[in-house]
Every structure is written in C-alpha cells, then in structure tokens.
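K.L.:
Residue-level listing of the chains:
2 protein chains.
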Amino acid sequence: MADRAKERRDTQYGLLTAIAGEAGVSLGTVSKVVHRRRDVGEATRARIEALLERHGYVRPWEGDRQAPRQILAVFRDLSGPYTLEITRGIVEAAGDMGVEVIVGTTSKRSISGWLEECVEAGARGVIIVISMLTEQDQHRIVEQGLPVVLVDPLSAPSPNIPSIGVTNRNGARMAVRHLLDLGHTRIGMVAGRSHSPAGAARLHGYRAALTEAGIAYDPAIVRATDFDFGEALTATRQILRDREPPTAVFAASDAQALGVLEAARQHGVAVPGELSVISFDDTLVAAMACPPLTAVRQPFQRLGHEAMRVLMRLADGRAPASPRIELATELVLRTSTAPRNAAQA
Amino acid sequence: MADRAKERRDTQYGLLTAIAGEAGVSLGTVSKVVHRRRDVGEATRARIEALLERHGYVRPWEGDRQAPRQILAVFRDLSGPYTLEITRGIVEAAGDMGVEVIVGTTSKRSISGWLEECVEAGARGVIIVISMLTEQDQHRIVEQGLPVVLVDPLSAPSPNIPSIGVTNRNGARMAVRHLLDLGHTRIGMVAGRSHSPAGAARLHGYRAALTEAGIAYDPAIVRATDFDFGEALTATRQILRDREPPTAVFAASDAQALGVLEAARQHGVAVPGELSVISFDDTLVAAMACPPLTAVRQPFQRLGHEAMRVLMRLADGRAPASPRIELATELVLRTSTAPRNAAQA
Numbered sequence: 001m002a003d004r005a006k007e008r009r010d011t012q013y014g015l016l017t018a019i020a021g022e023a024g025v026s027l028g029t030v031s032k033v034v035h036r037r038r039d040v041g042e043a044t045r046a047r048i049e050a051l052l053e054r055h056g057y058v059r060p061w062e063g064d065r066q067a068p069r070q071i072l073a074v075f076r077d078l079s080g081p082y083t084l085e086i087t088r089g090i091v092e093a094a095g096d097m098g099v100e101v102i103v104g105t106t107s108k109r110s111i112s113g114w115l116e117e118c119v120e121a122g123a124r125g126v127i128i129v130i131s132m133l134t135e136q137d138q139h140r141i142v143e144q145g146l147p148v149v150l151v152d153p154l155s156a157p158s159p160n161i162p163s164i165g166v167t168n169r170n171g172a173r174m175a176v177r178h179l180l181d182l183g184h185t186r187i188g189m190v191a192g193r194s195h196s197p198a199g200a201a202r203l204h205g206y207r208a209a210l211t212e213a214g215i216a217y218d219p220a221i222v223r224a225t226d227f228d229f230g231e232a233l234t235a236t237r238q239i240l241r242d243r244e245p246p247t248a249v250f251a252a253s254d255a256q257a258l259g260v261l262e263a264a265r266q267h268g269v270a271v272p273g274e275l276s277v278i279s280f281d282d283t284l285v286a287a288m289a290c291p292p293l294t295a296v297r298q299p300f301q302r303l304g305h306e307a308m309r310v311l312m313r314l315a316d317g318r319a320p321a322s323p324r325i326e327l328a329t330e331l332v333l334r335t336s337t338a339p340r341n342a343a344q345a
Numbered sequence: 001m002a003d004r005a006k007e008r009r010d011t012q013y014g015l016l017t018a019i020a021g022e023a024g025v026s027l028g029t030v031s032k033v034v035h036r037r038r039d040v041g042e043a044t045r046a047r048i049e050a051l052l053e054r055h056g057y058v059r060p061w062e063g064d065r066q067a068p069r070q071i072l073a074v075f076r077d078l079s080g081p082y083t084l085e086i087t088r089g090i091v092e093a094a095g096d097m098g099v100e101v102i103v104g105t106t107s108k109r110s111i112s113g114w115l116e117e118c119v120e121a122g123a124r125g126v127i128i129v130i131s132m133l134t135e136q137d138q139h140r141i142v143e144q145g146l147p148v149v150l151v152d153p154l155s156a157p158s159p160n161i162p163s164i165g166v167t168n169r170n171g172a173r174m175a176v177r178h179l180l181d182l183g184h185t186r187i188g189m190v191a192g193r194s195h196s197p198a199g200a201a202r203l204h205g206y207r208a209a210l211t212e213a214g215i216a217y218d219p220a221i222v223r224a225t226d227f228d229f230g231e232a233l234t235a236t237r238q239i240l241r242d243r244e245p246p247t248a249v250f251a252a253s254d255a256q257a258l259g260v261l262e263a264a265r266q267h268g269v270a271v272p273g274e275l276s277v278i279s280f281d282d283t284l285v286a287a288m289a290c291p292p293l294t295a296v297r298q299p300f301q302r303l304g305h306e307a308m309r310v311l312m313r314l315a316d317g318r319a320p321a322s323p324r325i326e327l328a329t330e331l332v333l334r335t336s337t338a339p340r341n342a343a344q345a
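Those protein sequence lines, which keep their order, are chains A and B.
Take 1 as the starting number for the first sequence in UniProt numbering and just add one per residue.
Take 1 as the starting number for the second sequence in UniProt numbering and just add one per residue.
Just so you know, the hints here were simulated from the structure itself, not pulled from any lab data.
A few of these clues could be false.
If you only want the chain A side, here are some residues facing chain B, beta carbon under 8 Å, derived [as the list claims (entries may be wrong)]:
1) Gln12
2) Thr105
3) Ala287
Heads up, the beta-carbon is just placed ideally off N, CA and C, and yes, glycines get one too.
Chain A on its own, in the form it takes in the complex:
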C-alpha cells in the first residue's frame, strides 16, 4: 500500500508540475489552489481549476477516504537525550509505515489540547511520551475511543490505555548484579523519584538484587532525584561523603550517571579505579561519557516501532493485544565499571 501511495503521489506530483508549466505559474501557486487557500487571485485560481479538471486531477483527501497518514508524538519537553532517542525511534518506525510524525510538547498546549488537535486535524492517533495524564484526560481518551499509546507514562497505568516501556525492574537488577559479580558489596544508587513508575521500578530492581545477594539495604547511600544531571551531582557528593562510601554507584538514568561522574571527578575519585559507575538508558551520551558508561540499554528503536504498531492497531479500531508491553533491556559493557579494587577491600 505504501508503494501504491507513493506511485500515486509521484503521478499526481508530475501532473501538478505539468499544470504549473501550462498555466505559467509556480508549483507553489498550483498547490495553493489545490488546497483552496485564499491567497491566490481569482483569475489565476479559475485558470488552474480548469486545468486541474481537464487533466482529471483528484484532490487526495477527496478522491478516497483513505485514512490520514499523520500521527502526533507529544512530549513533556524536548530537553534530554532520552527524548531524542524516542523521537528517532518513532520517526523511523513511522517512516517505514509511510506515516508522518507531528512532534509537539506540552509546554504550549496541554495534553487535552493535543487530543483535540488529533481529532481536529484528523490525525490517526497520539503517542504521549513521559507525561502525566490527568484523570480527565484518561477518561476522555477511553470515552471517546481516541487512539492513544503512552510511552513511559508518569501517571499510574490504566488498563484501558496501552502503554509501552522497558523491563525497568529487571534491567536495574541486572545492573546491580553486574556490580556484585565484580566483587562490589557497598553499592550506592542515585535513583529516580518515586512518583515516576519507571524510577520506582528501577529502585525495586536495585533492592531485589541486594536482597538476593544477602546485602542489607542502606538508605545512607541511596538518593532519589529527578532524572537530572545537577541533582545527581549534588546527591552523589553527599553519598561520597558517607563514613563508608560505596565502591560502586548505580544511576537510574544517563543524565544522572553523568552527574555521578562529575561528582567523582570533583572528589578526586577515579572511575572505575576507585568507583564503578553503571547507568540506565544508554542514550547517545553514555558512549560519549568520560569514561564511556557501562549501561542498561533501552531498545529505543523497538520502543518506537512497538508504539507505532500498537497505535496503528488502535487507529484501525482493533483492541491492543495487551494493555502493557515491556521490552527487554540489555547490558552494554564499557569502561566505567571494574572489579572491586583490592585497596578498597
């Protein structure tokens, strides 16, 4: 279908170009007439309309009732590396499906505004990324049957709105087990805030791994912050001043892990010689960190692909196979983790 659509587009495009030539106007002017814009003189409009009719041109949206080929991807903001990876995942998956992606944020327009816009503009649906939905938003989505997929929502999961994320708890558990395998027993964590389901799940994974290894949870070397560099920097400086500082730290996101690295540098603590650091996300900044970060990788491409797949399914009026999809994470080894130094024992 994508091929047929493209073929038709090419033919139509060629036709419009020919008509522009015949009418002695630019293609832009022909396009304006096709789209019934008002900023074209009447005589020109009439001449072009006549040519369009003579050549049997059919406006795409009038010729068939083919489903619109746009979706909305709405973010809280576009300020972190995570955002970029998700955007790329969605845009590429959509490109494969011949669908266009309108990218927006909730800084200028509320979630409910975007839901309205989806209806107004006739888009196929909305992917909402790490945002808090009000009860009213959720109610409306369900009541009106709007095709909506949530990626890493901040609000509590609703069984009626499909959401996609990764296996945060298990990924965190893998991260801590990696540190345990390297001989670390004093492991700190710069965690996310508990109101973030992803953040809470990563903390649970950390605790589960410690429990499995028979290590007591010590809140003195655990701090909850936003997924933010500056807050993690401050938190890590506190952790490093503990009477018995950790030999390894697990950060709940790349932005936080970079804060951990900077705190270590400020304290003159070598990474990984004196402190192993492991991160969660593996966005572009992880590989470019100093040292490059060992990290739990979120499969961003697959997240985008799954979000699109579920959204298209909803847009076709079919129920999602599952209200919640969790994709597996993967441990990526780089140079920020090392065996516990004998000197640290």
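Add chain B to chain A, keeping to what the hints say.
P.N.:
Coordinates of chain B only, in the frame set by chain A:
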C-alpha cells in the same frame, strides 16, 4: 465566501464575548487564551479553555483547511545532541505561531521526496537542517518557488534559498582568544571536515585568532574529523603524542569535545590542569560533561525562531529580507579551561 467567513467570525466573536462574561474576565484575556499567549495565569487559562471546549469553539486556523498550519522539518538523521536542540527550537517557535511541525529524516525519503510531500500535503514550507542539497533540488526549489529555509546546510550557499546559521568564524575566534587570554600558546584543534561550511569557518576562526596573536599555524596539532566522538578521540590521541603536545585544544563541536576529554583521560592528562578544552555548540551534553565544558554557544532557540520567521515570510509569498542570516554566538565559561599551568611553561 468572504461573507460566510465574516458571518462565522461574528458568531465566534459573540461566543468569545459570552465566554468572557461567564468567566468574569475581559475579552482580551479570552483572546490571549485563544491565541495561546503565555501572559495569562494557569488557572484562568484552564477555566477559559474549559469554557471554549464546552461551547464548541474552534480556533479559526484550526477549523478550516485553507491556510495549512503545518511545516516540515527535515534532518539528515536524528542522532546527535545538535539535532535535538534544533528540533526543540523549531517546535517551540512553531508552537508560538500556532504551527505544527512534521519531523522527518532523509534516511527513508530523499530531499526531493520531502519537497514533493510539502506540495502534496499542502504544508506551508520546509526547513532543511544540515543536509546536502543536490543542484537539482536547489533548481527545483527556486524554479517552483517552494518555501524552503536551510539551517546549517552542507551544500554551498545559494543566493536564492535563504539559509540560517551562526557566526561560526567569529565564534571560533572568540574560543581561541579565550585560550590565548589564559596564557596558552600551544593550542591544538579538532576541526570539522572542510566540506562542511560550518566546519571550514570554525577552522578559519581558529587560524585567524592565532595569526592575530602572532602564533604560527602548526598542522601537527590540528586534525579534521566528522563532528563525531570516536573520530575526535582517535585524532586527539594522535595530537597528544606530538613531540610538543598542546596545553589547550579547541574542538569544533560538543561531540568532538567529549572525544577530546576521553582521550585526555586515557592519556592520564588532567583537564583543565594539564589541558584546557573548549567546545563549540553548547548542546545539553556540554554542561553534563566531566568536567563541564567551556563552550561557544549556538543560540538554538533563536535559530529555530528565525528559521520559522523566514519560512512563514516565504510562505506568504514575500522575499526574505536577506538570503543569509548569521546569529551571534556567546562564550559560556565552565570548568574545562584554566590558565596555563606554570609547570607547562
């Protein structure tokens, strides 16, 4: 038709007046909310939005298809922090104008494919970010009068297609002068490739600053790489092995600067104690580097705003005020640069 539009306008006006009365605010306040201006309190905004919705108000530019409110922003890929900053700048500026942004890449569809899509879909225009335009693309844009604005194009500038960027040469000159002011005289550079106009201009700025200070250009401590972490890492390792290694390095982008930091770490060279590092871009990763990077800041928000402003002007059939706009850069001081150490003298 004009009459019908007027009639609708009058009805809408009556509706807005009624809503103002109901909300107990002025019509001006209602109008601000309708136009999504920011100078209205959140509570008031929410109350008015709720009333607008209840009464079925439709914003004129959202309700009719005659003046499409979409533009395309096309990137080579969505893989670097620069991309995210530009996307954000465009999406936010467009949001202020009530315009939606379709984000795409040239990985699945060529530039000419996107130009076609702009016409077919009736979008107002296309912003093309760091891409190479073929002569055919350029010819088509000019011939067909397509509204197109280039941001940091890789192709040679065309006087007929407006382009926007920053004062790359002067920004680079400022960066090197900062290093000179700190007493450095042996200054290396990890430059961009010469086929990139931005990369070439930054190298020229570096050379100009050296010349002004009476320092000979030494190609042994200058390497050209892509704006890429891994290539910069390799190049810096070579530079640091020079018989007379530099005490400071200027990197032509943040991705490259992170490679410089990692090379220094691998060589056991302290930043900024033994090596000052200055970057160009100041994307989100600069502030999160270890140590945080002193950098020449590109005004991403303004770039997005200017690109939108020029594009809307073209879409309205007006010529751009200038075929080329260069925005000023700004030096942001962080901790990766320091006075030349006496020990280095």
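K.L.:
Please go over all the hints and tell whether each is borne out by the structure.
P.N.:
Now the hints, each set against the structure:
1. The criterion of a C-beta within 8 Å of any C-beta in chain B is met by A:Gln12, whose closest approach is roughly 7 Å, and the hint holds.
2. With its C-beta approaching chain B no nearer than about 6 Å, A:Thr105 sits inside the 8 Å limit, and its interface hint holds.
3. Restraint check, A:Ala287 versus chain B: the minimum CB separation of about 7 Å is within 8 Å; hint holds.
Consistency note: the structure conflicts with none of the earlier hints.
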